[in-house]
Amino acid sequence: MKKTGLLAIVLSCFLMNAQAQKADSLLKTLDSNNGSTEVEAVFKSTRVVLSQSTETQKKHDLDLRIRHHFGDIGGRFGSSHTLYGLDVASDLFIGFDYGITDDFTVGIGRSKQDELFNFSGKYKLLKQKSDGGMPVNLTLFAQMGWIARSPFSESEFSSYANRFSYFIQPIFSRKFSSRLSLEVLPALLMRKNTTESRDPENLFSIGFAGRMKLSKRLSFVADYTLVNGLSRPTDLSQAYFNPLGVGLEIETGGHIFSLNFMNSEYILENNFIPGTKKSWQDGGVRFGFTISRNFTLFKSKNKDPDKTSKIY
Amino acid sequence: MIWGKRTTSILLGVSFTLLQLSANAQSYVGKGVKLSLFSSTPVEDIRAVNVKGTAVLVGNTREIVVQAPIKGFEFDRKLMQEHFNENYMESDKYPMAKFKGMIDQVIDFTKNGEYDITASGKLNVHGVDKMRSIQGKVIVKDGAIQILTEFKVPCADHKIKIPILIITKVAEVISIKVDGKLNLAK
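Heads up: the sequence lines are chains G and R, in that order.
Residue numbering for the first sequence follows our numbering, beginning at 1 and increasing consecutively.
Residue numbering for the second sequence follows our numbering, beginning at 1 and increasing consecutively.
One or more hints might be untrue.
Derived SDA-like pairs: lysine to any residue, alpha-carbon spacing no greater than 25 Å straight-line [as the list claims (entries may be wrong)]:
hint : chain 1 : residue 1 : chain 2 : residue 2
1    : G       : Lys213    : R       : Ile160
2    : G       : Lys307    : R       : Met96
3    : G       : Lys310    : R       : Ile166
4    : G       : Lys216    : R       : Leu37
5    : R       : Lys98     : G       : Leu125
6    : R       : Lys78     : G       : Leu126
7    : G       : Lys129    : R       : Gly72
8    : G       : Lys28     : R       : Leu79
9    : R       : Lys159    : G       : Met212
10   : R       : Lys93     : G       : Thr252
11   : R       : Lys31     : R       : Ser120
12   : G       : Lys307    : R       : Lys31
13   : R       : Lys130    : G       : Asp24
14   : R       : Lys137    : G       : Ala23
15   : R       : Lys177    : G       : Leu27
16   : R       : Lys93     : G       : Val39
17   : G       : Lys58     : R       : Lys159
18   : G       : Lys307    : R       : Lys152
19   : R       : Lys31     : G       : Thr308
20   : G       : Lys129    : R       : Lys122
21   : R       : Lys31     : G       : Asp131
22   : R       : Lys177    : G       : Ser309
23   : G       : Lys127    : R       : Met96
24   : R       : Lys34     : G       : Leu126
25   : G       : Lys216    : R       : Asp116
26   : R       : Lys152    : G       : Ile311
27   : G       : Lys129    : R       : Asn87
28   : R       : Lys98     : G       : Val39
29   : R       : Lys122    : G       : Asp24
30   : R       : Lys78     : G       : Ala23
31   : R       : Lys93     : G       : Ala41
32   : G       : Lys58     : R       : Glu90
33   : G       : Lys213    : R       : Gln81
34   : R       : Lys141    : G       : Leu30
35   : R       : Lys159    : G       : Ala41
36   : R       : Lys169    : G       : Lys127
37   : R       : Lys34     : G       : Ser309
38   : G       : Lys307    : R       : Asp104
Read the hints as simulated data drawn from the structure, not as lab findings.
Take these sequences, add in the hints, and give me the full structure.
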């Protein structure tokens with residue numbers, strides 16, 4: 001009898017609970033197996049300031065990128081005589097990046113410095129997962145530079161191969177929060193046109209870059225590349241400095257404007273990593289900007305009427 | 001502790017009544033609820049679809065909940081999808097859109113048929129609650145329930161800001177279509 005009574009109590013309690021079962025708890029059981037997602041928009045753009053970010057172009061998107069570096073703000077070449085560097089264009093760059101797939105981007109561009117043409121490939125190898133299954137992003141970047149200018153001296157490009165340089169860089173990044181993303185970029189640059197015998201042709205460098213979102217569309221970006229003193233002696237007859245850039249990045253649906261200050265005169269890795277001769281001290285810092293515009297080249301093959309967007 | 005026969009039988013009686021009640025309180029659940037988004041301006045039409053919605057309908061209380069992860073919306077253009085998540089919906093901060101309310105009409109969910117209904121309750125989008133009364137349709141067929149609705153969501157209602165620069169491309173009022181099939185919860 002006692003047992004039946006207890007059983008009855010337990011049973012009624014259990015049923016009472018079942019009765020109180022709310023829509024919310026049912027919903028929870030449905031959502032429990034929501035798989036992890038890839039972390040998106042680690043960086044807004046494919047570049048931070050000078051360095052590459054882990055981002056690639058989306059499939060079939062073409063990015064037209066125009067970048068400009070002005071002259072020294074202060075020092076001997078700056079001040080009011082050059083309107084704080086605005087009279088001078090130390091480097092100009094026009095380039096296109098095209099997304100063959102969401103993960104693989106090819107690029108072509110041309111810089112004023114050395115009349116350098118560049119051909120690049122960028123591949124997203126690993127993607128950070130929201131559940132921590134993959135903590136970082138890994139993107140591989142490779143770029144070939146071709147110096148098209150005429151030689152300064154007869155011996156300069158004695159072998160035509162001396163005009164080429166090759167740059168390889170794995171990029172590791174992590175979005176720590178929706179506001180903060182950081183990355184590390186070890187790299188190897190192989191080049192021939194060095195001016196000093198003690199300046200190594202194979203140059204190792206390591207870069208650090210980050211983005212801090214200030215608002216939905218405005219970010220603070222910065223990057224620093226350590227190259228001098230790493231595999232290159234610091235007492236070369238020409239003084240070189242490590243590139244440091246800071247800036248603001250403004251995004252407005254398809255356009256990205258980047259306004260920066262940096263000590264590097266040059267824009268491409270093949271130029272600014274070995275060639276930065278200005279310092280943040282003694283007025284070597286300069287203003288620079290990027291305008292980037294995305295175009296969708298091909299209509300998607302996807303015929304799903306629910307997803308078709310149309311521009312009139 | 002000594003149990004009277006009376007107490008036991010009362011408890012047993014209560015248990016069976018509750019058992020009976022819970023049998024009546026049938027709940028329906030659905031996965032893969034499809035949500036279609038449509039934004040239209042003279043310059044650009046934008047569509048996206050989300051098939052990761054979930055829905056719950058509690059028979060006796062007529063309570064209805066439909067929710068969907070914002071990141072589940074798929075756009076043709078991935079950059080647009082990224083902007084949708086990053087710049088408008090802030091899906092890291094507000095991962096879900098949810099409607100929770102009650103069906104205003106009494107419906108016999110065991111009887112086949114089509115019923116025009118309104119559901120009143122809270123629509124939560126972009127972390128902002130808005131009381132809404134949404135018209136829709138419930139189709140009961142052989143124990144399964146299909147819910148259908150189409151309604152408008154003004155961006156301003158949910159503090160979703162559209163910059164002046166792109167006001168010609170993104171509509172201020174977005175249409176949402178929901179189509180889901182719910183089965184009896186076990």
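Hints, verified against the model:
Taken as a hint, the Lys213(G) and Ile160(R) pair is honoured in the structure, with Cα atoms around 18 Å apart against an allowance of 25 Å. Straight-line distance between C-alpha atoms of Lys307(G) and Met96(R) comes to about 20 Å, which keeps the hinted pair within the 25 Å bound. Taking the CA atoms of Lys310(G) and Ile166(R), the gap is about 15 Å. The hint holds against a cut of 25 Å. Pair hint Lys216(G) plus Leu37(R) holds up; C-alpha atoms about 22 Å apart against a cutoff of 25 Å.
Note on Lys98(R) and Leu125(G): the hinted pairing is violated, with a Cα-Cα distance of about 35 Å set against a maximum of 25 Å. Simply put, Lys78(R) and Leu126(G) have alpha-carbon atoms about 18 Å apart, close enough for the 25 Å limit, and the pair holds. For the given pair, Lys129(G) sits about 15 Å from Gly72(R) by alpha-carbon distance, which is consistent with the 25 Å threshold. The hinted pair formed by Lys28(G) and Leu79(R) fails the criterion: a straight-line CA distance of about 31 Å is larger than 25 Å.
Straight-line distance between C-alpha atoms of Lys159(R) and Met212(G) comes to about 23 Å, which keeps the hinted pair within the 25 Å bound. For a cut-off of 25 Å, the pair hint linking Lys93(R) to Thr252(G) stands: about 20 Å separates their Cα positions. As the CA atoms of Lys31(R) and Ser120(R) are separated by approximately 22 Å, the hinted pair is consistent with the 25 Å bound. Simply put, Lys307(G) and Lys31(R) have alpha-carbon atoms about 20 Å apart, close enough for the 25 Å limit, and the pair holds.
At most 25 Å may separate the alpha-carbon atoms for a hinted pair to count; Lys130(R) and Asp24(G) meet this at roughly 18 Å. At roughly 19 Å between alpha-carbon atoms, Lys137(R) and Ala23(G) fall within 25 Å of each other, so this suggested pair holds. Straight-line distance between C-alpha atoms of Lys177(R) and Leu27(G) comes to about 20 Å, which keeps the hinted pair within the 25 Å bound. Distance restraint check for Lys93(R) and Val39(G): the Cα-Cα separation of roughly 13 Å lies within the 25 Å cut-off, and the hinted pair is therefore satisfied.
As the CA atoms of Lys58(G) and Lys159(R) are separated by approximately 28 Å, the hinted pair breaks the 25 Å bound. For a cut-off of 25 Å, the pair hint linking Lys307(G) to Lys152(R) stands: about 18 Å separates their Cα positions. A threshold of 25 Å between alpha carbons decides the hint, and for Lys31(R) with Thr308(G) the separation of about 24 Å falls inside it, so the pair holds. Taking the CA atoms of Lys129(G) and Lys122(R), the gap is near 32 Å; set against the 25 Å cutoff, the hint is violated.
Of the supplied pair hints, the one linking Lys31(R) and Asp131(G) holds, its CA atoms being roughly 22 Å apart against a limit of 25 Å. Simply put, Lys177(R) and Ser309(G) have alpha-carbon atoms about 16 Å apart, close enough for the 25 Å limit, and the pair holds. A threshold of 25 Å between alpha carbons decides the hint, and for Lys127(G) with Met96(R) the separation of about 23 Å falls inside it, so the pair holds. Distance hint between Lys34(R) and Leu126(G) is unfulfilled; the C-alpha atoms sit about 30 Å from each other, more than 25 Å.
Annotation: proposed proximity of Lys216(G) to Asp116(R) is violated, straight-line Cα distance about 41 Å (limit 25 Å). The suggested pairing of Lys152(R) with Ile311(G) holds, with an alpha-carbon distance near 22 Å, which does not exceed 25 Å. Proximity of Lys129(G) to Asn87(R) is assessed by CA-CA distance (about 20 Å); at most 25 Å being required, the pair is judged to hold. Between Lys98(R) and Val39(G) the CA atoms are separated by roughly 22 Å; this keeps the pair inside 25 Å, and the hint holds.
The straight-line distance between the Cα atoms of Lys122(R) and Asp24(G) is roughly 14 Å, inside the 25 Å bound, and the hint therefore holds. With a C-alpha separation of about 34 Å, the suggested pair Lys78(R) and Ala23(G) falls outside the 25 Å cut-off, and the hint is violated. A hinted pair counts as satisfied when its Cα atoms are at most 25 Å apart, and Lys93(R) with Ala41(G) qualifies at roughly 14 Å. Proximity of Lys58(G) to Glu90(R) is assessed by CA-CA distance (about 20 Å); at most 25 Å being required, the pair is judged to hold.
Simply put, Lys213(G) and Gln81(R) have alpha-carbon atoms about 19 Å apart, close enough for the 25 Å limit, and the pair holds. As the CA atoms of Lys141(R) and Leu30(G) are separated by approximately 22 Å, the hinted pair is consistent with the 25 Å bound. For the given pair, Lys159(R) sits about 22 Å from Ala41(G) by alpha-carbon distance, which is consistent with the 25 Å threshold. At roughly 31 Å between alpha-carbon atoms, Lys169(R) and Lys127(G) are farther apart than 25 Å, so this suggested pair is violated.
Note on Lys34(R) and Ser309(G): the hinted pairing holds, with a Cα-Cα distance of about 18 Å set against a maximum of 25 Å. In summary, the hint linking Lys307(G) to Asp104(R) is not supported, as the alpha carbons are separated by about 33 Å, beyond the 25 Å threshold.
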